[in-house]
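Enquirer: Here's the letter readout for the chains.
There are 2 protein chains.
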Amino acid sequence: MKKYLLTPGPTPVPAEVSNKEGLPVIHHRTAAFEKLFVEVNENLKYVFQTKNDVLTFASSGTGAMESAITNILSPGDKIIVAETGKFGERWWKIAKVYGVNAVILKENNGDPVNLENLKKALKENPETKAVYSTLTETSTGVANDIKAMGEIISKTPAVFVVDAISGLGAQKLHSDEWHVDVVVSGSQKGLMIPPGLAFASISDKAFKLYEQSKLPKFYFCWKAGREFIEKKQTPYTPAVSLFVALHESLNIIKAEGIENVWARHLKLANATRAAVKSIGLRLLSSSPCNAVTAVCVPDGLKGGDIYKKMRDEQGVNIAAGQSELKDKIIRIAHLGYMEKYDIIIALSALEMVLTQLGYKFELGKAVSAAEQEFLK
Amino acid sequence: MKKYLLTPGPTPVPAEVSNKEGLPVIHHRTAAFEKLFVEVNENLKYVFQTKNDVLTFASSGTGAMESAITNILSPGDKIIVAETGKFGERWWKIAKVYGVNAVILKENNGDPVNLENLKKALKENPETKAVYSTLTETSTGVANDIKAMGEIISKTPAVFVVDAISGLGAQKLHSDEWHVDVVVSGSQKGLMIPPGLAFASISDKAFKLYEQSKLPKFYFCWKAGREFIEKKQTPYTPAVSLFVALHESLNIIKAEGIENVWARHLKLANATRAAVKSIGLRLLSSSPCNAVTAVCVPDGLKGGDIYKKMRDEQGVNIAAGQSELKDKIIRIAHLGYMEKYDIIIALSALEMVLTQLGYKFELGKAVSAAEQEFLK
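Residue numbers (the numbering used here), protein chains in the order written: chain A, 1146 to 1521; chain B, 1146 to 1521.
Okay, chain A solo, but in the shape it has when bound (with noise of 0.2 Å):
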């Protein structure tokens, strides 16, 4: 069976770059390889929306989050995690595991961060030493204003430190402007390659903390790679194929400029919402992402069973949802190489098996609600 990839990571990758990705294997100590990695570095520059140095690292985004704290704490340190879900969550589990201490700002499943509550938790807590949250979470579909969090953290001592891994490229993101000191981020969502590469944009401000940090570090040691950004090259081996892949995407994403690639998502996210909500489903978020769209499963319906329909019987890979959410939601991404026809595909499919699975409601109306969209 034909089959369409719809997930917020792994995206679909253009044949372009996975064309480049299985070329012969160059050794990275060469011209060859210098010269693609300051292409890349200039250009991830770009999509990051920032003067400062984009390290990567051969591994997944947890990794690079796992940079986030271990290169600018230490143990004891205070700092707050702003999250709005499974991913944000993250942020405090690792601080934990570093003897961190996380105040923990918890939003309601689908609510974005609340910019009072973090002014609070800042005057409450003066020695915050960084602020960690999420441009887009991606079990939970909502974007955070990372605009007025930047705003009000600025005018503090503490770094702020925001994943976009399944945001960056997708929604906007002026990382410099908004005064965001570290942005972390993944390769296999707005990047258009598969998995393996994760990246950090480190401010100035926050490399001050590297100097004073305590906890160890060594694979994901951020002066290492800022060291070796200065040789053209990376500390430890990098990930070459994945590397020459990532040149051919970025090329892609410049040629489209950054502000269309963000329209574009901006208008898939529209249409999806205007379908879903116009066959009577209601989204989970109040402030929902341009990434991905998490709707609510209609009562009597099982969020795993639509998903798994769609998967097995027509071959349309969504999400489902995690953890506490697994049945409650489903998740359509409009992420990365997409277009118009994938959102189209996917909400044929849902509108089939909602059908067979017994909701009623007027075949074909989801579609004509998002051509209706596209249209404007």
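One should not assume that every hint holds.
What the hints assert, rightly or not - Heads up, simulated BS3-like pairs for lysine-lysine below, C-alpha to C-alpha not over 25 Å straight-line:
hint	chain 1	residue 1	chain 2	residue 2
1	B	Lys1238	A	Lys1359
2	A	Lys1180	B	Lys1376
3	B	Lys1359	A	Lys1454
4	A	Lys1368	B	Lys1231
5	A	Lys1359	B	Lys1241
6	B	Lys1148	A	Lys1376
7	A	Lys1148	B	Lys1377
8	A	Lys1454	B	Lys1377
9	B	Lys1368	A	Lys1241
10	A	Lys1453	B	Lys1148
11	A	Lys1376	A	Lys1190
12	B	Lys1376	A	Lys1453
13	B	Lys1165	B	Lys1148
14	A	Lys1447	B	Lys1376
15	A	Lys1376	B	Lys1473
16	B	Lys1422	B	Lys1447
17	A	Lys1454	B	Lys1180
18	B	Lys1165	B	Lys1399
19	B	Lys1274	A	Lys1238
20	B	Lys1453	A	Lys1148
21	A	Lys1399	A	Lys1422
22	A	Lys1359	B	Lys1223
23	B	Lys1377	A	Lys1368
24	B	Lys1180	A	Lys1147
25	B	Lys1196	B	Lys1377
26	A	Lys1377	B	Lys1238
27	B	Lys1471	B	Lys1238
28	B	Lys1471	A	Lys1180
29	B	Lys1454	A	Lys1453
30	A	Lys1165	B	Lys1165
31	B	Lys1376	A	Lys1231
32	B	Lys1368	A	Lys1376
33	B	Lys1231	B	Lys1274
34	A	Lys1165	B	Lys1148
35	B	Lys1447	A	Lys1376
36	B	Lys1422	A	Lys1165
37	A	Lys1377	B	Lys1471
38	A	Lys1359	B	Lys1359
39	B	Lys1376	A	Lys1148
40	B	Lys1453	A	Lys1376
Just so you know, the hints here were simulated from the structure itself, not pulled from any lab data.
Model the placement of chain B on the given structure of chain A, informed by the hints.
Expert: Coordinates of chain B only, in the frame set by chain A:
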């Protein structure tokens, strides 16, 4: 110019493998991935010659090395590092970052671990938690006698950890039979895929130390990795395209048979050694390994010049020396997807470049010495 990769990593990737790497990415939470994951794990055990679980990380080999420190030790613990070059050094450099005390047994460049010194060190340091060493030391071309070391160490409470990053699949290694508790490796060497995956096999003896270990770990946590193996998954998004490539390359290795793979590497290594000796060059190592041959550069010449001329003018990428061996040696790899004619190419290019640089010998002699070895 047509290019030839003869470095000790990355190594050439068979087209059958790289073509698989570029296939559409599959989602990792699917039956298709789980089937592949189970088969990969079975075949990794075969290549590692172990019954233990082999964990796979999205990472360079160094990440797996770090995991073999943080998952079994606590601050203040004592270890023995039996180092025979730059990569052996890395063990105590990581240990130092984590506040672990390393007794360092350092050999002269080219010499293998001295077994008497190891016995003595173990006797003098009965509280030693683990001994760290290297199967084939890429920087000096040394093979260590892991079998004999394992016999010595197994009589003590210490755990034996071996870096087989460049050695796996090139040099005979019976992990379980030789009492090796932890074997770490990487993907871009004998496993014939691009860089980006790292591995660690873990014995029950080593895992007992995990339970006592107080060093912090998150991304590289062995317990999480072990628990997810049961679920046919990895704790964090796996580097799917590299997994797919690995699945194919492990099938190729299994079809050849690991004993035959080792024998092929030995044959290529023997031919390389005989060839360079036939034109008056000396091997650096008194215990040369089968992954890479380190050749001393004749008086008056610089290793860097030979390396660069071969790479830039002949398209033949061997390796130069590193650190203090920079200009003193060159290194010719016979590692991974290589056969007789890869060695012939390296030797032919070496003959021409040495002649251009003024070194006197009978042109064709090295090639013929290799051919004689191949005809045996």
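Enquirer: Determine for every hint whether it applies to the structure shown.
Expert: Status of each hint after checking the structure:
| no. | hint | result |
| --- | --- | --- |
| 1 | B:Lys1238 <-> A:Lys1359 | holds (16 Å) |
| 2 | A:Lys1180 <-> B:Lys1376 | violated (41 Å) |
| 3 | B:Lys1359 <-> A:Lys1454 | violated (45 Å) |
| 4 | A:Lys1368 <-> B:Lys1231 | holds (20 Å) |
| 5 | A:Lys1359 <-> B:Lys1241 | holds (13 Å) |
| 6 | B:Lys1148 <-> A:Lys1376 | holds (24 Å) |
| 7 | A:Lys1148 <-> B:Lys1377 | holds (22 Å) |
| 8 | A:Lys1454 <-> B:Lys1377 | holds (21 Å) |
| 9 | B:Lys1368 <-> A:Lys1241 | holds (16 Å) |
| 10 | A:Lys1453 <-> B:Lys1148 | violated (47 Å) |
| 11 | A:Lys1376 <-> A:Lys1190 | holds (18 Å) |
| 12 | B:Lys1376 <-> A:Lys1453 | holds (18 Å) |
| 13 | B:Lys1165 <-> B:Lys1148 | holds (22 Å) |
| 14 | A:Lys1447 <-> B:Lys1376 | holds (22 Å) |
| 15 | A:Lys1376 <-> B:Lys1473 | holds (23 Å) |
| 16 | B:Lys1422 <-> B:Lys1447 | holds (18 Å) |
| 17 | A:Lys1454 <-> B:Lys1180 | holds (20 Å) |
| 18 | B:Lys1165 <-> B:Lys1399 | holds (17 Å) |
| 19 | B:Lys1274 <-> A:Lys1238 | violated (28 Å) |
| 20 | B:Lys1453 <-> A:Lys1148 | violated (47 Å) |
| 21 | A:Lys1399 <-> A:Lys1422 | violated (33 Å) |
| 22 | A:Lys1359 <-> B:Lys1223 | holds (21 Å) |
| 23 | B:Lys1377 <-> A:Lys1368 | violated (35 Å) |
| 24 | B:Lys1180 <-> A:Lys1147 | holds (19 Å) |
| 25 | B:Lys1196 <-> B:Lys1377 | holds (17 Å) |
| 26 | A:Lys1377 <-> B:Lys1238 | holds (23 Å) |
| 27 | B:Lys1471 <-> B:Lys1238 | holds (21 Å) |
| 28 | B:Lys1471 <-> A:Lys1180 | holds (23 Å) |
| 29 | B:Lys1454 <-> A:Lys1453 | violated (58 Å) |
| 30 | A:Lys1165 <-> B:Lys1165 | holds (12 Å) |
| 31 | B:Lys1376 <-> A:Lys1231 | holds (19 Å) |
| 32 | B:Lys1368 <-> A:Lys1376 | violated (36 Å) |
| 33 | B:Lys1231 <-> B:Lys1274 | holds (23 Å) |
| 34 | A:Lys1165 <-> B:Lys1148 | holds (17 Å) |
| 35 | B:Lys1447 <-> A:Lys1376 | holds (22 Å) |
| 36 | B:Lys1422 <-> A:Lys1165 | violated (40 Å) |
| 37 | A:Lys1377 <-> B:Lys1471 | holds (19 Å) |
| 38 | A:Lys1359 <-> B:Lys1359 | holds (16 Å) |
| 39 | B:Lys1376 <-> A:Lys1148 | holds (24 Å) |
| 40 | B:Lys1453 <-> A:Lys1376 | holds (18 Å) |
Hint check: violations occur at hints 2, 3, 10, 19, 20, 21, 23, 29, 32 and 36; the rest are consistent with the structure.
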